[in-house]
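*Asks:* The chain contents come next:
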Amino acid sequence: MAKLAWPGPDRRKNIGARISRLDGPEKTTGTAKYSYDMNREGMLYAKLYQSPHAIAKVTAVDTSEAEAMPGVKGVYIEKDRRGEFPNITYAGDIICAIAATSEEIADEALTKVKVSYSDIGSPQMNDNDPSLISGRDQSKEQGDPDAGFGEADAVSEGTYGLACITHACLESHGQMAEFKDGELYVWPSTQNVSGYAGGLARAAELSADKIHVECQYMGGGFGSKFGADKWGSISTILSKQTAKPVKLMLERDQEHKVAGHRPSAFGTVKIGVKKDGTITAWDSDIWGSGGMGNFRMPPLPYVFTGLPNYRTLGRGIKVNRGAARAWRGPNHPQAALITMCALDDAAHAIGMDSLSFFKKNLHLTDRPEVYAEELDKAAEMIDWKGKWHPRGENTGGSMRSGLGLSIHTWGGGGGQSDCAVTINPDGSVVGRTGTQDLGTGTRTVQAIVLSDTLGLPVDKVRIEIGKNSLPASGASGGSTTVGGVSSSTRDAATQALNALLEKVAPDLGVEADKLEAWDGRIQEIGNPSKGMSWEQACSLLGGMAITKQGSKDTSDGTILTVSGVGGVGIADVTVDIETGMVTINEYAAVQDCGLIIDEKTCESQLYGGTIMGITYALYEETVYDPATGAMLNPDFEFYKIAGLADVGKIKVHLMRGPKYEDRGVVGIGEPAVISQGAAIANAVANAIGVRVPELPLTPDRVLDAISKGGVA
Amino acid sequence: MNAFEYASPTSVDDAVSLLSDSWGETEVLAGGTDLLTLLKQGLTAPRLVVSLSNVKQLSGISKKGGSLEIGATTTLSELVANADVQEHFPALVTAANNIGSTQILNAGTVGGDLLQRPRCWYFRNGFGLFGTHDGEPLVPTGDNRYHAIFGNSGAAKFVNASSLAPGLIALGATLSVQGPGGAREVKASEFYSTPKSENDREYTLKPNEVLTGVSIPMQGLRNGTYEVRQRRGLDWPMVAASVAFEHGGGTVSDARIVLGHVAPVPWFAEKASKELGGKQPNDAALKSASEAAVADATPLSRNGYKVQQLRVAVRRAIEAALA
Chain A
541 MAKLAWPGPD
551 RRKNIGARIS
561 RLDGPEKTTG
571 TAKYSYDMNR
581 EGMLYAKLYQ
591 SPHAIAKVTA
601 VDTSEAEAMP
611 GVKGVYIEKD
621 RRGEFPNITY
631 AGDIICAIAA
641 TSEEIADEAL
651 TKVKVSYSDI
661 GSPQMNDNDP
671 SLISGRDQSK
681 EQGDPDAGFG
691 EADAVSEGTY
701 GLACITHACL
711 ESHGQMAEFK
721 DGELYVWPST
731 QNVSGYAGGL
741 ARAAELSADK
751 IHVECQYMGG
761 GFGSKFGADK
771 WGSISTILSK
781 QTAKPVKLML
791 ERDQEHKVAG
801 HRPSAFGTVK
811 IGVKKDGTIT
821 AWDSDIWGSG
831 GMGNFRMPPL
841 PYVFTGLPNY
851 RTLGRGIKVN
861 RGAARAWRGP
871 NHPQAALITM
881 CALDDAAHAI
891 GMDSLSFFKK
901 NLHLTDRPEV
911 YAEELDKAAE
921 MIDWKGKWHP
931 RGENTGGSMR
941 SGLGLSIHTW
951 GGGGGQSDCA
961 VTINPDGSVV
971 GRTGTQDLGT
981 GTRTVQAIVL
991 SDTLGLPVDK
1001 VRIEIGKNSL
1011 PASGASGGST
1021 TVGGVSSSTR
1031 DAATQALNAL
1041 LEKVAPDLGV
1051 EADKLEAWDG
1061 RIQEIGNPSK
1071 GMSWEQACSL
1081 LGGMAITKQG
1091 SKDTSDGTIL
1101 TVSGVGGVGI
1111 ADVTVDIETG
1121 MVTINEYAAV
1131 QDCGLIIDEK
1141 TCESQLYGGT
1151 IMGITYALYE
1161 ETVYDPATGA
1171 MLNPDFEFYK
1181 IAGLADVGKI
1191 KVHLMRGPKY
1201 EDRGVVGIGE
1211 PAVISQGAAI
1221 ANAVANAIGV
1231 RVPELPLTPD
1241 RVLDAISKGG
1251 VA
Chain B
13 MNAFEYASPT
23 SVDDAVSLLS
33 DSWGETEVLA
43 GGTDLLTLLK
53 QGLTAPRLVV
63 SLSNVKQLSG
73 ISKKGGSLEI
83 GATTTLSELV
93 ANADVQEHFP
103 ALVTAANNIG
113 STQILNAGTV
123 GGDLLQRPRC
133 WYFRNGFGLF
143 GTHDGEPLVP
153 TGDNRYHAIF
163 GNSGAAKFVN
173 ASSLAPGLIA
183 LGATLSVQGP
193 GGAREVKASE
203 FYSTPKSEND
213 REYTLKPNEV
223 LTGVSIPMQG
233 LRNGTYEVRQ
243 RRGLDWPMVA
253 ASVAFEHGGG
263 TVSDARIVLG
273 HVAPVPWFAE
283 KASKELGGKQ
293 PNDAALKSAS
303 EAAVADATPL
313 SRNGYKVQQL
323 RVAVRRAIEA
333 ALA
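Protein chains in written order, with this note's numbering: chain A, 541 to 1252; chain B, 13 to 335.
Honestly, the hints are just simulated from the structure, not real lab data. Incorrect hints may have been included.
Some chain A residues judged to face chain B by a derived CB distance under 10 Å, without partners named [what the hints assert, rightly or not]:
1. 648
2. 1118
3. 1164
4. 1173
5. 1180
6. 1181
7. 1243
8. 1244
DSS-like cross-link-like pairs, simulated, lysine-lysine; straight-line CA separation at most 27 Å [to be verified]:
9. 654/A / 52/B
10. 1140/A / 917/A
11. 52/B / 573/A
We put the CB at the ideal spot given by N, CA and C, even for glycine.
Model the full structure from these sequences, guided by the hints.
*Replies:* Here it is as structure tokens:
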């Protein structure tokens, strides 16, 4: 019988190979249909009306003039559970919506909506002033920090922080909704196909089993697309009200304002350190904002959790902006920035090479060996030895180069997933899972696992995902997808194969547990001469296909996915000290990935994560007018995103070999994006000789640090 | 976007005859890279849009006498690909290429670049040209990191967004416009004006006039542009400087230094131009010119960094012109 455990390296044909994503052709030729592309007969377009005020009470909403317009078919007015207009807490809060026969009519109708407000207030937009702190303290202490500082030869103290950013999904949030025969069909852009329907049940006035969800292609979610959201409910309600299909996709400015923010984090860190690089104490005071919601202190000290003596304090500031949502690696980029920059400053305080300092202290982490190997690899990739100079000690002229590093960790164990695999008598194979492919390669990874398990080429199997009628699979968050779907697919495929082997065994005169699927054949293990082709084998099924269901928690308890990885990043930058411009020369990303299913899509995660990381390091921040609370850059013009010309040369390396791969499958979507802010900030400090305290490292911030720091 | 009428005349006369004498009632469409976003964001809601795409004589580049004549609807791609422009006016080639987007170079026009509305984020987000709320100005105490450091004592604190205007002014170009009363010419240096009211525009063009072309004298001036831009792809400069001067190896003469993205109009740096004139263009002269360029800067609360960047841009633009 085929074993559930992952095959050894010599029995992997597709697993770990470089396989192009299966939906590449559809995406590049435009035949892939995203939510925005879904058009239904007789459909309406819905548009949202948002509050221009950040703080106000809505007293009346008059849509009569809008409703009188030809082409306007439906109106939705937001009310809370008590049936009252909601209190406005940020500029952009949703007040009502209009459905019309064209986008243009809906837009024009919005200009005719009259909303009355009372109690218009002044918003609180400053998230970096500790005097504005509200809410309870979050504190943690280990050992005796005061004694630790007493032992130190030097105490390094610095200010660090990073601004609020949005998810900036290229595909905005939204869905197409259509009622048919008393049931609801929706095509949302979602990270949670199997779990989406429940969020619409109330709006649809239907039980979840009568809500059919489909999302085949996704233009990014990054943690912002787990639920049906207010706009999902609105399009559903408008569709029910008008008895027409209704499409509601957020406009770009709306996407920035209402669809999720990464909380900011700022603060001071004090580190005690001995001349030999021993860290004796840590004391941090961090504040930041998750909008009007709660602020969660980033996990500090990050990675170096074995620090003997530390004290941390975290406090939140309420800010009148849209709600915070999980942002790829929630709280880890913040934790990495604060920790790795503070440690880098400590290394500088004792005149130690940053790489040596970090390596000396790896015993304070959960995986010293992994980080040591990764740091050595990244240092080699970036030529640390050849390029390193102590902070600020480089040649004159306006262009100054520098190196910086950071290390990070993440969980990434598989989430709940079920998969049904069917082997048909004609030899065709299909694996079905109610998961979603966010662009990460879920479909491809499942096809690789399914095909390798059955000894077939990838193109001999088919994968169906993206519908909630398929076996349930968890939301794609926390890098849990690949571990979940690879486990459930392996489980289902192994069970189905074993059922097939049982059928074939009598014909071959070999016991089923002595058979294997290899190279397109069912054969005696290691003996191709005693076997038959896959198609012949399947034909023995007669009229009855085999379907087996597998799960992340596998049928015989074999564990195929584990949690916990480490990775490192090293940045090589040049700063024009006259203009404050930062240029990325190279970035080396080295990552422990567990068992790699597809080397190519795995590398793509690191490339994509690095580009996203460079973007928040250098460019991204939400900007608000302090008086009105209006977001000033709800676009891609002044909400800047790195282009290909801005990201330099990205070098990625995946740690391979039994030590890493025998552990099982681990997701790496999040670890791919954690270290860039810290590594780039450290490289800039190394280049110019002073710390630029906050991300993004815009020219004004860099010049400010240079002028205060007296850079020669 | 409001519903509007659309006209596509084949002559400038016909185009002019369709235009209203009040701003906003009618809009002229060339490449559309600015107008379409203004329409979509409801920042303009004309009853009629007049396209120039069928006015064929407005496109193209030709030599006439000692000048190079550039039609207003010539695309930025055509401009940077033109051999005469490349040979004589590197300041314009650099400025146009720095826009950083092939799509905008292909669609955008010379006239459109000169007439584009401010990119000010208060203006673009519905707070008007002067960025006010309930009559109170927002910009002085708001986020003015991209705003003006010159000419900002009045209500207008945005910056002129044109990439080409500083170079054209430095090169002594003349613009041609046509209105109901016929054609007129105006020096590029006198074309722009700071609006006094929300209904004004940022130039002296009248609502019922069409910008038809640009004429640049080919005097053999050395010229160059330097922009400080954060992104290498599509992005707006934080500051820009274009320079043109006569330099045969000895001293500099006829120097004009014009600054972009620092004032509500392209900003002629008169002191700096004088400072550079009559001198050997050595390090000391470049330094004194760049210091003179920023001497009268009046930065707002958040844009002091632009002063330093501008010093550098002026020096590097002169260096580019000398290269």
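*Asks:* Are the hints correct? Go through all of them and say.
*Replies:* Against the structure, the hints:
no.	hint	verdict
1	648	holds (6 Å)
2	1118	holds (4 Å)
3	1164	holds (7 Å)
4	1173	holds (6 Å)
5	1180	holds (6 Å)
6	1181	holds (9 Å)
7	1243	holds (5 Å)
8	1244	holds (7 Å)
9	654/A / 52/B	holds (20 Å)
10	1140/A / 917/A	holds (20 Å)
11	52/B / 573/A	holds (25 Å)
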